[in-house]
Each structure stands twice: as structure tokens, then as C-alpha cells.
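Trainee: Counting along the sequence shown from 1, when you hit position 539 you're at 1970 in our numbering, and nothing is skipped either side.
In short, the hints are calculated from the structure, not lab data. Note that the coordinates shown come from a computational prediction; the quantities given were computed from them, not determined experimentally. Treat the hints loosely; a few may be bogus.
Said to hold, decoys possible - Calculated pairs, DSS-like style, for lysine-lysine (alpha carbon to alpha carbon, straight line, at most 25 angstroms):
(1) K1508 <-> K1473
(2) K1715 <-> K1773
(3) K1803 <-> K1773
(4) K1507 <-> K1604
(5) K1614 <-> K1527
(6) K1980 <-> K1893
(7) K1803 <-> K1935
(8) K1821 <-> K1715
(9) K2044 <-> K2017
(10) K1715 <-> K1815
(11) K1473 <-> K1604
(12) K1935 <-> K1893
(13) K1815 <-> K1803
(14) K1507 <-> K1473
(15) K1692 <-> K1715
(16) K1979 <-> K1888
(17) K1980 <-> K2044
(18) K1508 <-> K1518
(19) K1980 <-> K1996
(20) K1604 <-> K1692
(21) K1527 <-> K1508
(22) K1997 <-> K2062
(23) K1979 <-> K1893
Said to hold, decoys possible - Ranges of calculated distance between the beta carbons of each label pair, as one might list FRET restraints:
(24) R1561 <-> Y1634: 39 to 45 angstroms
(25) E1680 <-> S1844: 33 to 39 angstroms
(26) E1680 <-> V1805: 29 to 35 angstroms
(27) D1598 <-> C1744: 53 to 59 angstroms
Using N, Cα and C, we set each Cβ at its ideal position, and we do this for glycine too.
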Amino acid sequence: MNKSLTKLIFTLFSFSTLLSCTGPNNEEWSQASSSIPVVAGKYIVNDSRTDYRIVIPDYPNTNEFNASQELASYIKKSTGCSMQIIKESQLVGGAKYISLGNTNLFASAFAEDDMSPLDDKISAYFISTRDDNIYIHSNPNERGEGTIYGTYDFMHEIVNYEYYAQDEIYYTKETTINLRNYKDIFVEPSFDGRSISNNHLVYGQSICDHHRISNLYRGSEWASAIFGHSQVTAFVRPQDTIDGVPLYECHQDWFANKTAKVAETTNNQLCWTAGEGLEDYVAKRFINFFQEFPNATYFMFGQEDNGLYFCNCERCQRALATTPGMNYAGLQIMFMNHVIEKTEAWIAENQPGRNVRYVVYAYMATKEPPVKDVDGVATPIDPKVIPNEKLYIFYAPIGCNFAFPLDNNYYNSESYLELTQWSQLAAGHLIIYLYDTNFRFYFANFGNFNTVQEMYKVCYDKGVTYIYTQGGVDGDPVPFAYLRDYVESRLMWNINLNYEELAKDFIDHYYKEASEEIYEYYTTVRERLTRYHDLYNDGGGIYTTIVKKEIYPYSVLRHFIGLFKKAMEKIAPFEESNPTYYSTMKARLMREYLSVIYITVSLSRAELTDEEKLEMKEIFVYYIAYFGITKTSEGGTMIDVDSFFGV
């Protein structure tokens, strides 16, 4: 990879202020500001007309096809020009074009060029201008993600396209688009893999695509990740049979709980020392998944979600005792190494060229890597615990304090050490599992605004290849969920951007006329949380209590109520002049106001008049139904509103 080119492209496609063509009373301006040099006297669109075609392969994959649709759509919206989409076999000699994806046109034009920087990359892409044609290309062995991501960057360059949220997409009005001179640029994001899991993203594949993140639960990239913890629940279930005999009868030794007759995530794990019989069985199950999900890149084989029920049989105890420093993480790696040897032999024969990334958790009892310290370097306790080159480690520091930097020696020393050691043991094959919410208080802001970017940078420095952050998967979190989607996805793509600038940009464009009040609310919440963390050394865990009067005294809550009242006054003129716009903007404000209502009633209900409580109750009941919010905490239910509000 030419690092100078990568840094250059991050500068070119970094933050800029965009103007809306969709909201009312927003100024429009012509000719998008360009960072790439133009080709003098040559145009992609000139006076809303074009001689260019969008060209895709004769048999495009989904992302190549979607990229062409997106590009044509926003050129049309911006310029009024209809740019034709054709397959490359339909191209007439001499016509100018924008080539998207793995076309023969690209292969011919760049036959002598080194495309190895794209090898094994999912998200990276190459863009170039040659003979007045533009080419956007990505790793042909993947599914074209890089191509559509490159198309979004190209759209940003030519029409200032910016995707803030599903209902807030920006572009500028143009009549002329100059031809840009892209000079053989490779673009590699900070993390090749990126995922954010909130409920609205789990069920919003298109939203994920536009944010340039993967849907870990429902996308085509991952298989079996919908289970997450899935060794027993999805692959080797006690109730499954061999020749009609349940596994709990014929292979009790495969399970930590020898008596379980059904798969229960609360009290079972696999026995990773069970031997070749279990390894063969898991390999066959993986092969079944390979056939069921022919386009998947990652295959998750996650331990069950508990840290207490790992196998303690005589065989496991002997394996743990034989090698000094051996632990359950080491046993899991050795088991998977054997399975991968078997499955890769099948792939070589039946799906040659396919690149499968196998994934296991480093979580709970497996989060500590099987290494010893040798002169400050994490060294494998045994060559057998070195992960197979196809095996990826999904490190989940569940005990991390997310209000403080990841490399904080006092609060996060254990997590930082484990991350460092895993980065040395599984170099280039490390995924990290971060957290983005407090699972006891979905309606309260999580206090990691100050640390997200720093944590991402530490992960980047440690060679993490894929970054995943979990919010409220089972219930849509309220506070600034869409802001987090935008800011965090942008930082995952380029950690050199600035969190605060991105947040301010989002608030300006998403809350429009009310942005001043919402930004003050956002900054006040952020400052209150930061002050609390610093004073009490508390609040950054994912299960700690963060609805407290020390953070939100009544005077501060009254200030928040006043800010939202002012925000509603700002959009009030649109109630009659543009009721559709008013309804949209009110919903955006009320989504954030739900958090204020929840915290105010939780902490200071006695300070409110009955009239205020009734008004808050009416808003709360209406908008949790409007947004489909059903939980206040992970695995919980919605509060009883009558008893909660007391009226």
C-alpha cells in the first residue's frame, strides 16, 4: 500500500460543510467544490447534458449494480441529467464512460498495473482517470463493497453527496460537473471491516450500506452471526442426532454440561479437547454453512454467552495442566486450528479461491490470550496456540471503563494489556468488540463521547482489522442514536477526522432550525457526564447506574426542558406552511426529548406539577409507540407508564 496515497485521499474526502437541496429555506449553490484537479475544458456533465455512460460488468454483483443506480440517481437529482447505465458489452466504441467494478474495460486499461494493495481487502478501492474515462474498482474476490464505497466518495466529490441518515441526504444542485483527474489512487479505510449494531441498523440493511458499515446480523458478509454466541446453539446442539441417536446420548463428552438435553446458552459450552470426532462434526457443519451462504466472508463460531460453564472434564484439566500458561483461549484456538485444516481442504477442492475468515471470541473466560511475556513481547506458550492464518480473534473487553481512554493505566490496564497481547499473537487477524450504550439505561446517554475516537486510534495502532460496536440491539436506543451512527461510521472509515466537528456537522444538518438548542443540549450532557466521571471515577461501565442526580440535578433538567421548548418554537412556523416538514422535525426533537422525560421523571418527579407530568406522559406514550421502542434496558420491558409518571 502506498501510504502517501491513502493519506492523500483521506484529506480529499474529509469533512466539508454541505448545503441541503431537500429542506426548506436552505441556500443552494452551483458547482460542487472540488479537491481533485479538473481536466481543463472537459466535463462529465455540461449544461445538464452528458456524453458519458455508467458501465457495469455484464454480470454485476449486487454492490456493483447498486453503485450504478446510486450514481445515476444523484447525478439526475443534482443536474437533471439522465446518465444511462449499460452493461459493458453494450458499450459502443469511442464512447466515454465511468466504469464501476470488475469490468473487462478496467482489466484491459490497467493490465500492466499492480493492484496488489487490494488483495484480501473488503472495503478498499482504486480510482483513476485514463483517456478521459473514470474507473472505480475493488478486490474482485470480494462482493464489491469497495466499489460502492468508492462511488459514494466520487458522488461526494462531484455533487457534495453526504448521507447523514435515511431521511437526511445532502447534495448540491449543479449544471456542470468537470471531469476530475484521479491519478491512480488507492483508498484504504482505517479499518477494513466496520459494524455498528443498534436495533434500527440490524433491521436496516440499506442504512448500513449507506454508512459504509456491515450489518453483522443480517448482511451477506457474516454467516451465523445472528446467533453471535453460537457453538452450542447453532452448530453442535445436544438434541441433534447422529444415526437417529441424540448427541446428548452418544456424545455427552462433547459438552461441558454432560446432562443437558437441549441447547441452553446459560449453562453450556463445548469441550474443546473432545478430539477428532467433534472436530469432524464441526467441520461438516461449517461446510454446510459454506454451501448455504456462498457469498459470506466471515463465519462466526462464538462460545456461549457465559463465563462459568466451560468444560472442566478430566481431559480439559489435563490439557490445561500439561502446558504452563495454557488456558481456555488456547484450547479453543487449538480446536479451531484442527477444524480449519479440514474445512480448508474441502474449500480448495470445492470452492477454490474463496477466502473464508473464521472467527472465535476472546470473551469472558477466553479473553486472556495464551501467551507469556518474553522481554516485553507476548510470546505463544506453545506453537499450537498460534492461530491459523484464517482464524480471527474477536476480542470483547466487557469489563472496560468506556469513560476513560483504553490505554488508561488505572481503569483499563487489563483490557489494554490483553489487546496488546492479542495484537501480537493474532497480528492482522484481530477484531474488537466495543460497547456503545449502558445496557441498564437505554434512555440515558452513554458517557463515551470523549473516548470513542481515542479508542479507535488505539485499536488502529494495535493492528485491529475490524471494529464492531454494540448498542441496543434488542431495543432501539433513544439518545443521539443517529448522531452516533454518522459520527462513528465516519471515524471507523477515517480515524483522522474529528469527533466534535462531525457531531456538530450532523446536528447542524439534521436538526436544522433547532440545531443551536440541540447542540447546547448535546454539549451540556457531554460536559455533565465528563465531570461526573472525573469526580467519581464511575459511570463508564456498561452496567453501572448512570441516571443519577449527581449528573442530572433538577436545575440542569429544567434547563434541558427549556432548550427543547425553544427548539420547538424554532420549527413552529412550519406547522402551517409545511406540515410534512414540521412533523419530521418534531419527531427528531421528540426522539431526544424522550431521554429528558425519562431522566426527569426518574429523578425529580416530585418537583413536577401534575400538569407537567401529564404532558410528559402524553408525549412519552405517543412517541415510544411512534418509534417502536419496547425496552428500557437489555432483555427488559417497557416501564409501566401509569406508575412511572404517577398520574
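Trainee: Against this structure, judge whether each hint is valid.
Mentor: Going down the list of hints, with the structure as the test:
Taken as a hint, the K1508 and K1473 pair is honoured in the structure, with Cα atoms around 21 angstroms apart against an allowance of 25 angstroms. Between K1715 and K1773, the direct Cα distance comes to roughly 9 angstroms. Compliance with the 25 angstroms bound is thereby established for this hinted pair. Taking the CA atoms of K1803 and K1773, the gap is near 29 angstroms; set against the 25 angstroms cutoff, the hint is violated. At most 25 angstroms may separate the alpha-carbon atoms for a hinted pair to count; K1507 and K1604 meet this at roughly 10 angstroms.
Of the supplied pair hints, the one linking K1614 and K1527 holds, its CA atoms being roughly 18 angstroms apart against a limit of 25 angstroms. Proximity of K1980 to K1893 is assessed by CA-CA distance (about 38 angstroms); at most 25 angstroms being required, the pair is judged violated. Straight-line distance between C-alpha atoms of K1803 and K1935 comes to about 45 angstroms, which puts the hinted pair past the 25 angstroms bound. Taken as a hint, the K1821 and K1715 pair is honoured in the structure, with Cα atoms around 17 angstroms apart against an allowance of 25 angstroms.
Taken as a hint, the K2044 and K2017 pair is honoured in the structure, with Cα atoms around 20 angstroms apart against an allowance of 25 angstroms. Simply put, K1715 and K1815 have alpha-carbon atoms about 22 angstroms apart, close enough for the 25 angstroms limit, and the pair holds. For the proposed pair K1473 and K1604, the alpha carbon gap of about 19 angstroms is at most 25 angstroms, so the pair holds. For the hint pairing K1935 with K1893, the CA-to-CA distance comes to about 29 angstroms; that exceeds 25 angstroms, so the pair is violated.
Taking the CA atoms of K1815 and K1803, the gap is near 14 angstroms; set against the 25 angstroms cutoff, the hint holds. Restraint check for K1507 and K1473: the C-alpha separation of about 19 angstroms stays at or below 25 angstroms, so the hint holds. Only pairs whose Cα atoms come within 25 angstroms are accepted, and K1692 paired with K1715 is accepted, the gap being roughly 22 angstroms. About 31 angstroms separates the Cα atoms of K1979 and K1888, which puts this hinted pair outside 25 angstroms; it is violated.
As the CA atoms of K1980 and K2044 are separated by approximately 19 angstroms, the hinted pair is consistent with the 25 angstroms bound. Annotation: proposed proximity of K1508 to K1518 holds, straight-line Cα distance about 22 angstroms (limit 25 angstroms). Distance check on the hinted pair: K1980 and K1996 sit about 22 angstroms apart at the alpha-carbon level, within 25 angstroms; holds. Distance check on the hinted pair: K1604 and K1692 sit about 64 angstroms apart at the alpha-carbon level, beyond 25 angstroms; violated.
Between the alpha carbons of K1527 and K1508 the distance comes to roughly 21 angstroms, so the proposed pair stays at or under 25 angstroms and holds. With a C-alpha separation of about 29 angstroms, the suggested pairing of K1997 with K2062 is violated against the 25 angstroms cut-off. About 35 angstroms separates the Cα atoms of K1979 and K1893, which puts this hinted pair outside 25 angstroms; it is violated. For the pair R1561 and Y1634, the supplied restraint of 39 to 45 angstroms holds, since their beta-carbon distance comes to about 42 angstroms.
The hinted window of 33 to 39 angstroms between E1680 and S1844 is violated, with their beta carbons roughly 47 angstroms apart. Taken as a hint, the range 29 to 35 angstroms is violated for the pair E1680 and V1805, whose Cβ atoms sit roughly 46 angstroms apart. Checked against the hint of 53 to 59 angstroms, the pair D1598 and C1744 passes, with Cβ atoms roughly 55 angstroms apart.
Checked against the numbered hints above, the structure violates hints 3, 6, 7, 12, 16, 20, 22, 23, 25, 26; every other hint is satisfied.
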